[in-house]
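Novice: Single-letter residue listing:
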Amino acid sequence: MASYIGSATSRIDGRAKVTGEAKYAGEFNVAGLVHGYVVDSAIPKGRIVRIDTSGALGVAGVIDVLTHRNRPQMADKDDAYKDEAAPEKGSPYRPLYDDRILFSGQPLALVLAEDWETARVAASLVKIEYQKEPHVTDLQAERAKAFAIDKPEKPRGDAGKAFASAAVRHAAEYFIPTEHHNPMELFASTVIWDNGQLTVYDKTQGVQNVQQYLCGVFKMKADEVRVMSPYMGGGFGSGLRPQYQVVLAALAARALKRPVRVMLSRAQMYALGHRPASIERLALGANSGGTLEAMTHEAIAVTSQFEEFARNDTGWGNLLYKTPNAKFEHTLVKLDVPTSCDMRAPGAATGVYALECAMDELAVALKTDPVQLRLQCYSDRDQGGDIPYTSKQLRECYRQGAAAFGWDKRKAEPRSMREGNDLVGWGMASGVWEALQMPTTVRIVLTANGHAEVATAASDIGTGTYTIMAQVAADMLGLPIDNISVKLGDSTLPQCPLEGGSWIASSVCNAIANTARAVRDDLLKLAIGMKDSPLAGAGVDDVALIDGKIVSKRDAAHAVSIASAMQAGNADRITREEANKVAEDKSHARNVHSAIFAEVKVDEQLGVIRVTRVVNAVAAGRILNPKTAHSQVMGGVVWGIGMALHEETLFDHRYGRVMNANIAEYHVPVNADVHDIKVIFVDEPDQIVNPLGIKGLGEIGIVGVAAAIANAVYHATGKRVRDLPITLDKVVQFN
Amino acid sequence: MIPFQYARANDVADAIKQIAADPSAKFIAGGTNLIDLIKYDVEGPSRLVDISHLPLRSIEPTSAGGVMIGAMVPNTDLAYHPMIEERYPLLSRAILSGASQQLRNMASTGGNLLQRTRCFYFYDTAMPCNKREPGSGCSAIEGVNRINAILGTSEACIATHPSDMCVALAALEATVHVTGPAGTRSIAFADFHRLPDNTPQRDTNLEPDEIITAIELPPKGFSTNYSYLKIRDRLSYAFALVSVAAALELDGDTIKEARLALGGVAHKPWRSSAAEAALLGQRADATAFAQAADWLLHGAKGYGHNNFKIGLARRAIIRTLDQAARGKPQSVSDKKIR
Ligand SMILES: Cc1cc2nc3c(=O)[nH]c(=O)nc-3n(C[C@H](O)[C@H](O)[C@H](O)COP(=O)(O)OP(=O)(O)OC[C@H]3O[C@@H](n4cnc5c(N)ncnc54)[C@H](O)[C@@H]3O)c2cc1C
Ligand code: SF4
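So the sequences go chain by chain: X and A.
No gaps in the numbering here: position 321 of the first sequence is 321 in the UniProt record's numbering, and each next residue is one more.
No gaps in the numbering here: position 247 of the second sequence is 247 in the UniProt record's numbering, and each next residue is one more.
There may be inaccurate statements among the hints.
[Claimed, not checked] Computed list of lysine-lysine pairs in DSBU-like fashion (alpha-carbon distance at most 30 angstroms, straight line): (1) Lys132(X) to Lys336(A); (2) Lys678(X) to Lys335(A); (3) Lys39(A) to Lys411(X); (4) Lys145(X) to Lys336(A); (5) Lys23(X) to Lys39(A); (6) Lys132(X) to Lys89(X).
[Stated by the list, open to error] Anything over 12 angstroms on all C-beta distances counts as not near chain A; from chain X, calculated: (7) Ala60; (8) Asp76; (9) Lys367; (10) Asp422; (11) Lys553.
[Unchecked claim] Partial selection, computed: residues in chain A whose CB lies under 8 angstroms from chain X: (12) Ile141; (13) Ala188; (14) Asp233; (15) Ser236.
Hints are computed from structural coordinates only; laboratory data are not their basis.
Just so you know, even glycine gets a beta-carbon here, dropped at the ideal spot from N, CA and C.
Start from the sequences, fold in the hints, and give me the full structure.
Specialist: Spelled out as structure tokens, the structure:
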């Protein structure tokens with residue numbers, strides 16, 4: 001039987017998704033369901049003076065309107081609201097807690113009605129009187145108030161001095177605006193109340209996180225709350241923290257003792273977490289030979305007034321480029337907005353964008369080919385801890401990516417490649433992310449008919465977790481993939497971390513392998529116990545599970561079928577639960593890498609930009625499923641195109657309000673913006689990172705893409721645009 | 001969103017009767033704009049009079065040599081109609097550069113004329129907006145106004161009319177046929193949409209109890225030398241920052257007749273008789289095109305974020321006229337600008 005691991009496998013949940021059989025959080029229907037609609041704040045800061053709910057309550061079909069005044073009790077300590085992904089510092093937001101308004105779009109009331117339309121009409125009749133307070137939402141205007149946070153990356157040498165005396169220098173500031181995740185599926189929760197017990201269908205990337213959070217907020221016991229999220233219509237980080245609708249739905253269900261659903265509108269989703277706007281300052285100094293002497297990376301990013309959210313924007317240079325002198329600083333500016341949160345490759349999407357544009361500018365200053373510069377500065381060690389990598393095939397990414405792209409035909413001079421009215425530009429960048437593993441437990445139930453159920457409380461946010469779990473389980477148990485059923489997205493299943501950080505594949509799959517081994521051990525015991533067992537005397541390491549049989553590795557003729565072993569032992573099922581082993585070992589750096597090559601064509605007169613080709617060569621350890629892996633990276637590239645050219649949450653700072661809170665005006669790439677994308681997986685065997693050699697692919701696809709495109713735009717036009725998105729008016733001076 | 005009544009109109013007379021009887025009733029055709037506005041609480045009709053079933057779905061040649069288009073003809077059907085593709089390709093291309101296939105399938109010819117501005121503030125009821133709430137102020141003038149107008153603005157409003165189809169209809173000098181309680185009348189396309197002045201709440205000169213029954217195209221379709229070029233913030237499915245409809249009649253190199261209309265820059269498709277006159281008798285070259293552009297953009301004024309539109313429009317006009325003169329109209333599917 002060929003191995004499922006490493007072979008292109010269609011999604012096992014594909015059929016359920018395209019037929020509508022797959023149910024999402026807002027689609028679970030029960031009799032007597034109450035619908036909630038949120039009334040949100042029109043101002044970014046102040047107090048609620050009065051809420052007049054009489055109009056809403058007068059609408060036939062309205063059951064109640066919950067506000068901070070009449071809501072049932074909720075916890076009053078910050079700790080109760082701290083979920084797994086909450087920033088260490090600060091007081092998490094508490095929905096409907098008191099009269100304070102902390103951001104525009106904050107929920108102020110929940111209208112509950114017998115149907116959704118009624119709730120929505122009634123919500124429009126709730127009148128709120130505000131006492132406004134001065135607000136700030138503009139990062140550039142507030143940057144002087146930035147304060148530094150602790151960074152793991154310590155300075156090396158004296159970057160300031162080395163920069164000042166460097167032969168070739170580049171220093172510049174880059175800007176990434178606020179961006180929103182905009183998953184297709186709206187945030188929704190359906191909460192079913194049954195005698196004080198809650199069953200919660202939630203849009204989340206972590207059912208157990210939500211379960212623990214709700215227990216904290218409502219002082220409930222673990223067995224009183226069950227959270228489920230079998231499918232998710234996109235998360236991208238927006239579902240890592242419990243969102244306010246789940247609190248409101250649970251609050252209402254407890255108050256009414258009825259099932260309640262709360263679904264947000266698209267506009268309301270712009271008052272959830274977001275990728276924080278950031279200013280990234282880079283200073284690179286090189287000697288005339290073209291190797292780095294100094295690197296300084298400072299980031300100024302946005303957080304809310306009440307929590308300090310920060311990610312690693314500035315440390316990536318330590319991993320990519322060798323330099324004796326380095327300094328990294330991360331500062332935060334507090335604004336009257338919701339707390340920013342993780343969004344695909346948090347920190348890296350922004351920080352590496354700036355770093356990789358700066359490297360391109362340095363290459364221009366040095367008159368060196370951008371790939372050549374990166375090879376000259378290549379670091380075989382993580383300079384932070386001065387440790388080697390478990391594996392790092394980035395050189396090979398550069399080589400294979402460049403070859404596939406045809407980079408050797410690039411003319412170095414900007415504006416030197418043309419095609420009719422178009423200026424043609426070729427740019428490249430590197431990408432880097434972490435290869436993490438988190439403690440995870442998997443349960444396998446093997447039945448005598450040769451079917452197995454594999455279960456853990458993971459979420460499949462669309463990346464293909466269901467499918468890789470089935471692939472790995474099938475291989476490890478020696479069963480056809482059709483005999484494997486996967487259970488996830490249920491808080492009662494064995495412990496699993498949040499689906500984020502690109503760690504789910506490695507964590508879950510290594511846990512499956514361990515559990516499958518335990519199952520094998522049980523089977524071997526049963527087989528040995530058989531009369532005249534062909535496996536008599538075999539140890540656990542002498543056998544493998546292949547084709548539904550326990551087979552001796554020495555002589556395949558010595559085998560016992562799973563069915564007969566179980567029958568002989570009178571076992572109708574074998575249930576095992578094991579965890580992965582997460583190495584404490586700090587002797588190696590664990591990272592994935594990529595090299596991105598992009599071609600743009602820019603109309604010289606009109607500034608219209610087309611990204612005509614992208615090659616993304618990725619080294620990310622073992623690729624479990626080339627098909628879903630390809631989709632994941634391709635999606636990252638498309639998102640990178642959006643980050644480079646389109647995405648921007650537009651604030652009117654006078655009102656502290658998002659003005660393009662819908663996906664007609666918040667632009668992401670459409671088909672016409674996406675042309676030829678080639679994904680290459682560079683072979684990267686890794687015996688150290690974890691037993692299966694899996695590094696994860698969740699984030700890496702987007703990292704560096706915006707930089708490659710920005711660098712290509714520069715190469716095409718000679719115009720360096722450092723503020724994203726690169727719109728046509730930034731490329732061409734029109735007036 | 002408020003509860004509303006729904007009724008189907010049996011015929012045009014019935015539609016007018018129903019609408020005249022209730023001042024806060026509204027016609028609904030494809031619903032692609034009106035339903036959104038109702039959801040956003042921008043419009044709150046007490047009654048929707050459904051006109052989508054009225055027998056106004058034909059596209060017929062007229063005795064004058066033009067074409068009569070029923071107001072209920074879906075945008076898709078109009079764009080792909082052989083007679084339109086052949087004789088009025090400018091109109092076809094303008095329609096196909098707008099919205100998405102799904103929206104064009106639903107959108108009606110009449111509804112397209114009456115779609116409302118996409119100004120961000122108009123859609124957000126928490127914001128002041130003179131068009132939505134006369135007298136409340138215009139947030140866009142000093143606000144986020146990248147998509148707002150540079151021509152024909154007033155101190156009360158700088159909104160644009162977002163349609164692509166209308167830009168072509170303006171260039172082709174179509175006529176709008178309407179019926180009201182007092183009978184039928186026809187409105188020249190140039191007189192259909194209004195400038196904001198002090199009454200930005202009124203987009204058009206159509207009376208609230210009038211229905212659009214048809215759009216008439218005159219015989220001349222400029223099917224040889226035309227182009228519709230739409231510049232936007234992504235390559236499809238976005239409203240125009242600037243769009244240009246250009247139609248020329250050439251005698252060799254010499255311009256015998258010229259039509260030029262801009263979208264995305266004003267409260268109505270923007271034309272200028274001076275710009276078109278400036279092209280007459282000229283050689284179809286860059287100098288003449290630049291002159292026409294300057295005339296057409298005469299008096300243009302930016303409001304901050306949209307300053308670039310003036311220069312962008314100038315270059316877009318020149319390029320579109322050039323495409324038209326070369327007989328190489330902008331492709332709708334290939335986004336490369338030739
Ligand atoms: C996401 C999105 C993107 C879009 N992009 C574009 C674009 O790029 N370019 C573009 O041009 N358009 C675009 N559109 C707009 C689209 O073209 C219009 O919504 C559509 O043409 C309106 O037609 P309808 O029949 O659906 O009108 P409806 O929504 O039914 O009606 C609109 C208005 O017209 C009135 N009305 C309708 N028919 C008549 C009639 N016969 N007589 C009198 N009154 C009438 C209604 O009362 C209502 O006030 C977009 C729309 C959306 C939602
Ligand atoms: S430009 Fe017009 S539509 Fe926009 S805010 Fe001003 S008044 Fe309202």
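Novice: Are the hints correct? Go through all of them and say.
Specialist: Cross-check of the supplied hints:
no. : hint                   : verdict
1   : Lys132(X) to Lys336(A) : violated, 49 angstroms
2   : Lys678(X) to Lys335(A) : holds, 21 angstroms
3   : Lys39(A) to Lys411(X)  : violated, 53 angstroms
4   : Lys145(X) to Lys336(A) : violated, 45 angstroms
5   : Lys23(X) to Lys39(A)   : holds, 25 angstroms
6   : Lys132(X) to Lys89(X)  : holds, 27 angstroms
7   : Ala60                  : violated, 10 angstroms
8   : Asp76                  : holds, 31 angstroms
9   : Lys367                 : holds, 32 angstroms
10  : Asp422                 : violated, 7 angstroms
11  : Lys553                 : holds, 57 angstroms
12  : Ile141                 : violated, 12 angstroms
13  : Ala188                 : violated, 31 angstroms
14  : Asp233                 : holds, 6 angstroms
15  : Ser236                 : holds, 4 angstroms
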